[in-house]
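> Here is what each chain is made of, one letter per residue.
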Amino acid sequence: MPPYTRTALIIVIAAVGAARELGLVAIPLPQNARQIPQEVLRFRLRQGTLQFGFELGTGVRTYVSASTPYVLALGLLLSHQALLPTVLAGTAFGAGRALSAALTLWSRDPDRGATIAARMTWIKNVTATTILAALAALAALLIA
Amino acid sequence: MTRGRRARAAFTDPLLAVAALALLAVAAAALQATVLCWASVGALAGFALSGSV
Numbered sequence: 001m002p003p004y005t006r007t008a009l010i011i012v013i014a015a016v017g018a019a020r021e022l023g024l025v026a027i028p029l030p031q032n033a034r035q036i037p038q039e040v041l042r043f044r045l046r047q048g049t050l051q052f053g054f055e056l057g058t059g060v061r062t063y064v065s066a067s068t069p070y071v072l073a074l075g076l077l078l079s080h081q082a083l084l085p086t087v088l089a090g091t092a093f094g095a096g097r098a099l100s101a102a103l104t105l106w107s108r109d110p111d112r113g114a115t116i117a118a119r120m121t122w123i124k125n126v127t128a129t130t131i132l133a134a135l136a137a138l139a140a141l142l143i144a
Numbered sequence: 001m002t003r004g005r006r007a008r009a010a011f012t013d014p015l016l017a018v019a020a021l022a023l024l025a026v027a028a029a030a031l032q033a034t035v036l037c038w039a040s041v042g043a044l045a046g047f048a049l050s051g052s053v
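Protein sequences appear in the order of chains Z and H. Our numbering numbers the first residue of the first sequence as 1 and each following residue consecutively. Our numbering numbers the first residue of the second sequence as 1 and each following residue consecutively.
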């Protein structure tokens, strides 16, 4: 596939992801929508922690509530990034996932769940539209 | 609410993290820093799953 076509596809995918978050289109996300059972952490803590992190991080057994992880995965696939940028983006994905839990820990707020629930629509809208804007700007500047 | 608790609540507000990551992603794109831009997009995508288990 020619580079321009791949770039255009990335922008289209990011635009569809943003449109989905804004409620303009209804697209079901492919996912294994179920929680990791508590037994994973109950018996073997070290192995269970690794398994929990793997299953949560890769989405093998978790709820994927936003379209942006798919935009990221397809974008990296289509942009033919080298190994290092791809690993860095994946690591940043994990860090972003962990940041949410870290902020919850640091907040010491017993009503944190309600705070996140109240912000969730904003978080998903802003992340999806920012990703579209950033990738479109990057593509435009690199092509120019 | 005490001043310390208010500061902690503001510092750990999810919207602050999203704003910082969004600014980083757009700035990286404007600077044509491709690797940093993809990494910022990765962090935003990960953070978008806040509350997802």
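Rather than coming from a laboratory, the hints here were simulated on the basis of the structure. Don't take each hint at face value.
Said to hold, decoys possible - Taking beta-carbon pairs under 10 Å as the criterion, some of the chain Z residues facing chain H (in silico):
#1 A8
#2 I11
#3 A66
#4 L88
#5 T91
#6 R97
#7 L105
A virtual CB, placed ideally from N, CA and C, is assigned to each residue, including glycine.
> Are the hints correct? Go through all of them and say.
Here is how each hint holds up against the structure:
Because the beta carbon of A8(Z) sits about 17 Å from the nearest beta carbon in chain H, more than 10 Å, this interface hint is broken. Taking 10 Å as the C-beta contact cut-off toward chain H, the hint placing I11(Z) at the interface is violated, the least distance being around 12 Å. Checking A66(Z) against chain H: minimum C-beta separation of about 4 Å stays under 10 Å; hint holds. With 10 Å as the threshold, the beta carbon of L88(Z) comes within range of chain H, its nearest partner Cβ sitting at about 5 Å, so the hint holds.
Annotation: interface hint on T91(Z) holds; nearest CB of chain H at approximately 7 Å, less than 10 Å. Nearest Cβ of chain H to the Cβ of R97(Z): about 4 Å, under the 10 Å cut. The hint holds. Checking L105(Z) against chain H: minimum C-beta separation of about 9 Å stays under 10 Å; hint holds.
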